Amino acid sequence: MIHEQEARKILETALKSGAEFAELFFEDREESNMKCVKEEVQGLKTVRIFGAGIYVISGTSSIYVYSNDCSYEGLLHLAKQASEMINLKRKEQIRIPDRFQGPVMSNPNPVKIYPATVEGRKKQKVLRETAKAALFAGPEILSLNTDYFDTDQRIWVINSEGLSVKDRRVTTRLRLQVAVSDGRQSFYNWEDYTHPSGFEVYEREQGYTEFARDMVKRTRQMMDGVAVPPSNVPVVLEAGSCGTLWHESCGHSLEACAIAAKNSAFVGKLGQKVASEKVTLIDDGTIPGLYGSSVIDDEGHVRQKNILIENGILKSYLCDRFHGSMIGMKSNGCGRRQNYTYAPTARMSNTYLAPGEDDEEEMIRSVPEGLYVKSIGGGTGGMQFSLEVKEGWWIKNGELAYPVKGLMLTGNGLDVIRKIDRVGKRLEYDGGGFCGAASGLIPTTTFQPRVRIAEMAIGG
Amino acid sequence: MRELEGYRKAMECLPSQIAEAQVQADRTEIISIAIMNGEQTGAQCSDVTELFIRVLVETEEGKKEGFYYTQNLEEEPKEVLSQAALHAYLAKDVSKERFLSFDESHMRLEGKETKDGESWDKIKKRALELERELNRENKNAQIMIRLIQTKETRGMVNSVSDVRCIESSLFRYEAEMEIAEEEFNVPYFYGCSQSAERLEDLSHEFFQKKIEKWRGMRLKQGKLEAGEYPVVLDCEVTANLFATAWQMFTGKNYLSGSTPYAGKKGKAVMSSVLCIKNMPSVPEGGYRYGVDCEGVPVRPLILSENGILKNLLHTIATADAMKEEPTGTAGRKALLSGNIHTEIIPVPANFRIEKGERSTEDLLKTMGDGIYIFESFDVFHSINIASGEFHVPCKGIIVKNGVKEAVVEGITINGTIQDLLMNVEEVGREMQVRPMDLLKSYTVCTPALRITALKVTGSQS
Numbered sequence: 005m006i007h008e009q010e011a012r013k014i015l016e017t018a019l020k021s022g023a024e025f026a027e028l029f030f031e032d033r034e035e036s037n038m039k040c041v042k043e044e045v046q047g048l049k050t051v052r053i054f055g056a057g058i059y060v061i062s063g064t065s066s067i068y069v070y071s072n073d074c075s076y077e078g079l080l081h082l083a084k085q086a087s088e089m090i091n092l093k094r095k096e097q098i099r100i101p102d103r104f105q106g107p108v109m110s111n112p113n114p115v116k117i118y119p120a121t122v123e124g125r126k127k128q129k130v131l132r133e134t135a136k137a138a139l140f141a142g143p144e145i146l147s148l149n150t151d152y153f154d155t156d157q158r159i160w161v162i163n164s165e166g167l168s169v170k171d172r173r174v175t176t177r178l179r180l181q182v183a184v185s186d187g188r189q190s191f192y193n194w195e196d197y198t199h200p201s202g203f204e205v206y207e208r209e210q211g212y213t214e215f216a217r218d219m220v221k222r223t224r225q226m227m228d229g230v231a232v233p234p235s236n237v238p239v240v241l242e243a244g245s246c247g248t249l250w251h252e253s254c255g256h257s258l259e260a261c262a263i264a265a266k267n268s269a270f271v272g273k274l275g276q277k278v279a280s281e282k283v284t285l286i287d288d289g290t291i292p293g294l295y296g297s298s299v300i301d302d303e304g305h306v307r308q309k310n311i312l313i314e315n316g317i318l319k320s321y322l323c324d325r326f327h328g329s330m331i332g333m334k335s336n337g338c339g340r341r342q343n344y345t346y347a348p349t350a351r352m353s354n355t356y357l358a359p360g361e362d363d364e365e366e367m368i369r370s371v372p373e374g375l376y377v378k379s380i381g382g383g384t385g386g387m388q389f390s391l392e393v394k395e396g397w398w399i400k401n402g403e404l405a406y407p408v409k410g411l412m413l414t415g416n417g418l419d420v421i422r423k424i425d426r427v428g429k430r431l432e433y434d435g436g437g438f439c440g441a442a443s444g445l446i447p448t449t450t451f452q453p454r455v456r457i458a459e460m461a462i463g464g
Numbered sequence: 084m085r086e087l088e089g090y091r092k093a094m095e096c097l098p099s100q101i102a103e104a105q106v107q108a109d110r111t112e113i114i115s116i117a118i119m120n121g122e123q124t125g126a127q128c129s130d131v132t133e134l135f136i137r138v139l140v141e142t143e144e145g146k147k148e149g150f151y152y153t154q155n156l157e158e159e160p161k162e163v164l165s166q167a168a169l170h171a172y173l174a175k176d177v178s179k180e181r182f183l184s185f186d187e188s189h190m191r192l193e194g195k196e197t198k199d200g201e202s203w204d205k206i207k208k209r210a211l212e213l214e215r216e217l218n219r220e221n222k223n224a225q226i227m228i229r230l231i232q233t234k235e236t237r238g239m240v241n242s243v244s245d246v247r248c249i250e251s252s253l254f255r256y257e258a259e260m261e262i263a264e265e266e267f268n269v270p271y272f273y274g275c276s277q278s279a280e281r282l283e284d285l286s287h288e289f290f291q292k293k294i295e296k297w298r299g300m301r302l303k304q305g306k307l308e309a310g311e312y313p314v315v316l317d318c319e320v321t322a323n324l325f326a327t328a329w330q331m332f333t334g335k336n337y338l339s340g341s342t343p344y345a346g347k348k349g350k351a352v353m354s355s356v357l358c359i360k361n362m363p364s365v366p367e368g369g370y371r372y373g374v375d376c377e378g379v380p381v382r383p384l385i386l387s388e389n390g391i392l393k394n395l396l397h398t399i400a401t402a403d404a405m406k407e408e409p410t411g412t413a414g415r416k417a418l419l420s421g422n423i424h425t426e427i428i429p430v431p432a433n434f435r436i437e438k439g440e441r442s443t444e445d446l447l448k449t450m451g452d453g454i455y456i457f458e459s460f461d462v463f464h465s466i467n468i469a470s471g472e473f474h475v476p477c478k479g480i481i482v483k484n485g486v487k488e489a490v491v492e493g494i495t496i497n498g499t500i501q502d503l504l505m506n507v508e509e510v511g512r513e514m515q516v517r518p519m520d521l522l523k524s525y526t527v528c529t530p531a532l533r534i535t536a537l538k539v540t541g542s543q544s
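Taken in sequence, the protein lines are chains A and B.
Positions 5 to 464 (the numbering used here) are the ones given, in order, by the first sequence.
Positions 84 to 544 (the numbering used here) are the ones given, in order, by the second sequence.
Same shape as in the complex, but just chain B (with noise of 0.2 angstroms):
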């Protein structure tokens, strides 16, 4: 990255008092259109490049860290490098932490590798495919789709290591879809996306079917007295909890004590049903990751196996913390880091639960009576991750024999994290991807869940 070359020069003869430096940058290109009615109503095109600075001081009372970010390209690197050490002398000692030194063997990314983009015209006469075509089947219905082409270029350079840059370029496609129709007078809306490596891999098959299931929850309105219940949650729904619910797995987390699952590692801690895994890429979306903002290589990690809690997502620190390897999955951009991304905090590449054989209609079958939970609002609020407590608002269906029989709003599910995973009886194999919301910077990969018993508060009348 051209970008980094004044750094790498810098670093060949760095200011004294800096011991060791990084630079990590990270370019986003990205190319985006929104169709509606066969015609362009938005478009977007951009290009930023973002460079995260760190260096190591030595001072009287130790090593410190300095750290500075800027998005002024203009900037001299050894001013940079300067400005960065002096924040240091305001810092913790971490004579005790270390940058890692790289190699090339890093840049070994899984799934296929894209060289170039796709053109404007070819991203263009993609979304009109995909917008007519559900035209033609959603005749009453008002359809926007908006498609987008991201490249994700990360290089880092540091002053220690014998390889001193190494670089990561992905691409991969998103197709967002909001639909709006009436029917008897009422108002619908829905909204969602797909993602892939490739262009041709978004397909309106995706969004027809998640269409049809949107109106096969519009039944007839039901009333449910609060109580427990077997319940089935829809896939959307288990990755709207753990969009919250993966802190729960930090190192950061487990060391502070700020996790029920702290001091667990290696017991029992859910279903053994369950295979939670943190990926660098998962065949059901188009989110890779290849470097960690350490310069750690994103690698497939198992953080839940038959039941037993097996390891956690770590930056260098909390990996070193617990005498363990790092795993790839220092981050920035998390929740809670609001607009400025200058901490490095746990973060998962793609967070997944493992997919099981049967369909969500089968599990519903399994469960005779209980309740279909299709969706669920705001979790950001509703869990507390120390203590894996939630309230979640939701949308349910009443089923019976296994057959979907009345639809009830305004209900909670209630109950914690740990009880709810312990409880699972089966996975489905409808997979959500969800990428986190504005950042992107992570997605969580969940099935359907079929649990014993949840607590559910009563549908409002």
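So that you can see chain A by itself, here it is in the shape it has in the complex (with noise of 0.2 angstroms):
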């Protein structure tokens, strides 16, 4: 690893035709991960993800260039390469300051037992635990994928405004991918447990055994599902995971990129009236514990607490330094990446509604017949969204009548935002899971209080 004074003359070499910022991002991660299937495993595999990435930054152009030849000399061409790239020709260049400073800060997630510490047997051990809970939990199982990773990502960013800072961030994850028979079909389903943590997660064997067991039995009661026909109801949304809600019907689109881009309905919006006056979103990568969490963004800012939309009235975006500057604001810590093969952009962290003062079982009493969803598979976002139904009720009179299959929930995020009648007293956490988009893979959660819109089109 290159020392500062080094890492000063390739960010001078990549400012040198005249940029007006220049970053250099180092990445030394280690992630191990151990398969199962069915009972039998396969084996531990051990990762080491290793390079850097020269970002450098001129008005509305930005140049990045990356490479795993972390050498001074091979960091030393590509800054070049980036400075011949962005061919300002202006003869005066950017000073560097003497002094590289970074924030003291206090970690959201400290760790206990770093999992490199570990021995595989242990890994093992968790491993034929999680599987065997699925395997005797009860329904036909004619697959089970158990996977064991765990992740322990070191980076470094020092920039041009004579910003050095470090973080190191570890979690640990199982992933079950289970198909379920009953004698006349299959079902498919698969689920994350996430934990922003070390291996001290799995010092208590029942949180993980039983994630296993309530997977695999609720995915056995997904097939029972029945299809509803087509209507235009009231949709009650249960707080926890269900937030997703909120990821896919906005938060994309309030990410600077998508706002530079002009791929947004939110664009040109600050400061109106948006959402329903019950709506508070909030975005915030520093709470403790949670998956979306660090103590800097990847682009070394701070991470904070940012109100997107305050009481229905827009009030902010999710900004990086690159597509933040394009819309004329500052970095909210929001840049965010995978790795240092891409470069940071704009990125939900932990995003989630407010809570409200709404009556939880109200919500659900006073539909004659509508749609109530434990539980959010996934979706895609934009101006136009969908969501997946996982576990869904169909309401009656008031009371879950039955349970549903086979349900999309899409809509324009604006209007779905605005039908917003209800939220719930009691906001609950979600897990975490991963968020793919233009700079990669990255961990988020996305969780509310029970919220419910007034209507909604459903289909299946």
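Derived by calculation from the structure, the hints in this document are not laboratory data.
Note that the structure is a prediction, hence the values are computed from the model and not measured.
The beta carbon of each residue, even a glycine, is placed where N, CA and C say it ideally should be.
Accuracy of the hints is not assured; some may be wrong.
Said to hold, decoys possible - Dumping the calculated DSS-like pairs for lysine-lysine here, alpha-carbon to alpha-carbon at most 27 angstroms:
hint, chain 1, residue 1, chain 2, residue 2
1, B, K208, A, K84
2, B, K293, B, K393
3, B, K296, B, K478
4, A, K93, B, K207
5, B, K234, B, K416
6, A, K20, A, K93
7, A, K126, B, K146
8, B, K175, A, K126
9, A, K84, B, K207
10, A, K266, B, K208
11, A, K93, B, K175
12, A, K42, B, K406
13, A, K273, B, K222
14, B, K146, B, K406
15, B, K393, B, K350
16, B, K306, B, K179
17, A, K282, A, K400
18, A, K277, A, K319
19, A, K266, B, K448
20, A, K309, A, K277
21, A, K116, A, K95
22, A, K378, B, K538
23, B, K523, A, K266
24, A, K400, A, K429
To be verified - What the simulated footprint calls covered on chain B by chain A, stretch by stretch (three residues with Cβ under 8 angstroms from a Cβ of chain A suffice, anywhere in the stretch; the number is not a length):
hint, segment
25, 143–156
26, 370–381
Two independent chains are provided; combine them into the complex using the hints.
Here it is, written out as structure tokens:
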């Protein structure tokens, strides 16, 4: 690894043709993965992600170059390439401050047991216990793949404004992929058990084995759901991970890259009413214990709490440095990327709807006919969004009548968030998952209290 | 590849516990440039080499496989091999499995070979030309063109083969276009891409046709009652469906019963007008594949012909389990493989449904009355590959007497992939080439399909 003075020379080389800003991003990440097919453990695999990226910005133009040759000479060559590619031919060069400095912050996700220090046999035991719990959950299982993953990512961001900051992010994850059968048909499902922490999360067996049993049982129940006719009805979304609604219906459209490309219904609407007054939407990368949290973003900015919509009024966008500047805003700690092979862009972290004051029980009780969504599988966002209803129940006369299946919630984000007519008092967190977009797969959470949409078209 | 030299030497004298070893090196070099309003707005340049190390270790419990992946090229080959061997002790017995020895014939690739890539200046000039042509024809729109040159080199060295090292190097060019415009104060946004083996084969006409087709969908809003309708699926929609549904054709899912086609090899499973293949290259795009990640050459493979399921996508292990030949479709980067690509699974190269002779417009005329589905969303979450069930959110157009009448939004097409493929009456000639999102490790190439009937839920008001 190069030292700070060599990094300075690399940054100076990148700025040579007159760019306004240059940044070096180093990454050294160790990951391990162990797979189990039904009860048979396949083996431990180690992954080492290692490389660096140089980001050069000037006005509305940016250059990103990256390589896994992290030698001083290799990086100098990369910086020269970046300078030539941006090709501004300015005589004046930005001066880098004499001293590099970085913020001192405490990690929102402290780690007790680093996974690399844990013997493979202990990881194997967790995997076996999880697979066993799934296999003996009850339903007939055609195929079961259980994966154990852990990640230990160390990054260093050093830039031409004199910032030098390091961060270390540790996560662990179990993934279950199961195909169940009732003898006539089969049904596939996958779910993750994610934690932004070290191996200490597996000290309590009940947590992960309960997850496995519950996941298989719910997958079997999903097979028995009844198709419902398409209709316009009230939709109640349960507290917790149903918050994916916010991620897909408006989160992506609030990212500065979407605003700059004019690919968003929120363009030019700052300060305007865009949602029901019951809606206060927040993105906060600082919350302890959540999958989307870290000390800094991937541009070295300290993470922060961003109020995006307050009582229905659009207050802010999610900004990284480059796309933020394109729309006249500063970074608010949302520049994120999967690894050094991606330039950072504006992304969500922990996106949630603030709790309201409505009675959770009344939300269902007052519905003569409608849909209750217990969990959402995932979806896509943008001006039009779609969400998979993983577990849903039909509401009849204010009560849950029968499970439904094969439903997708689709709509226009702006239309739907205007129709929120109830927001519950009890906020529940989400375990977290991955969001895939322009800068790769990044860990996020998205959660809410129980909410009701006054009317929504459903189909399946 | 210089990265493999150290491993080749290390394999001449392997540590005693290692019976066999194989190292795969994948080097990806990318140059890309984005142009908007005649100006360069962004560019990327990269050079990354990944090393995948597999070793077979003899233990008291049998032969076991160890794995290690690294991007740190400074690591000592001997240490890396030993590290992989350490992991093997926790693995299952793979005595019945094998590494494949390879020979030089694997390197004979289909398609045109490009010796060198194009220069930065030439790529930039072509991107500026494309953007200028499109701006000339679309004056009120905001257009962005991103042009990408990718060179992929795969090298492999193993300890068991007479020919210890093979190498394959392929170039491709890709242009991505994004267009934003307003009509009657309504914003519209669209993006698409084109790939080719040569830079000069990327054309603005391709994008202009796509733009005109996109604008042609702006009809008056209609309303659709739920029901079963004759349907034409646009080639973009079929590509979207098969970006997920190809998994129903893997040996892995066949063996575990996790595909509705399990046990149906040799049987009639779909309409006889369909021919589904896996190809090393396709004429419609620039994605080419030489050898898979087990050293097996990618060869043309018919998956289904005349309605009969003939072959499956295999790794060596699934081919052996079914007593069949490997198909050159062992990969690591597929759906759900996340960001750690350690497992070898069946992954297509170019998964292709052969095209027909008539245009989509002709298919609509033959359909007469029905629905033309031209846009679909999120097939990843809306197709169950074990049951084949799908519920895909879409946009469509009501067609009367072969004429497009009104757009319907918020509809969903429903059914099973098996029924859909069984009910295909005709295949169109326009093809959509869809590279897999983000990883671009395979493509799906599909035409429009005319279907006897499909369940469609009603439109949103």
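Hint check results:
1. B:K208 - A:K84: Holds, at roughly 21 angstroms.
2. B:K293 - B:K393: Violated. K293 (chain B) to K393 (chain B) sits at ~35 angstroms, over the 27 angstroms cutoff.
3. B:K296 - B:K478: holds, 14 angstroms
4. A:K93 - B:K207: Holds, at roughly 17 angstroms.
5. B:K234 - B:K416: Holds. K234 (chain B) to K416 (chain B) sits at ~17 angstroms (cutoff 27 angstroms).
6. A:K20 - A:K93: holds, 9 angstroms
7. A:K126 - B:K146: Roughly 22 angstroms separates the two Cα atoms, so the pair holds.
8. B:K175 - A:K126: holds, 16 angstroms
9. A:K84 - B:K207: holds, 18 angstroms
10. A:K266 - B:K208: holds, 26 angstroms
11. A:K93 - B:K175: violated, 60 angstroms
12. A:K42 - B:K406: Holds. K42 (chain A) to K406 (chain B) sits at ~22 angstroms (cutoff 27 angstroms).
13. A:K273 - B:K222: The hint holds at about 26 angstroms.
14. B:K146 - B:K406: Status holds; Cα separation ~21 angstroms.
15. B:K393 - B:K350: holds, 8 angstroms
16. B:K306 - B:K179: violated, 59 angstroms
17. A:K282 - A:K400: holds, 25 angstroms
18. A:K277 - A:K319: Holds: K277 (chain A) and K319 (chain A) sit about 10 angstroms apart, inside 27 angstroms.
19. A:K266 - B:K448: violated, 36 angstroms
20. A:K309 - A:K277: holds, 21 angstroms
21. A:K116 - A:K95: violated, 51 angstroms
22. A:K378 - B:K538: holds, 26 angstroms
23. B:K523 - A:K266: It holds: about 26 angstroms lies between the C-alpha atoms, which stays within 27 angstroms.
24. A:K400 - A:K429: Roughly 24 angstroms separates the two Cα atoms, so the pair holds.
25. 143–156: Contact hint for the segment 143–156 of chain B vs chain A: holds, 10 residues under 8 angstroms.
26. 370–381: violated (count 0)
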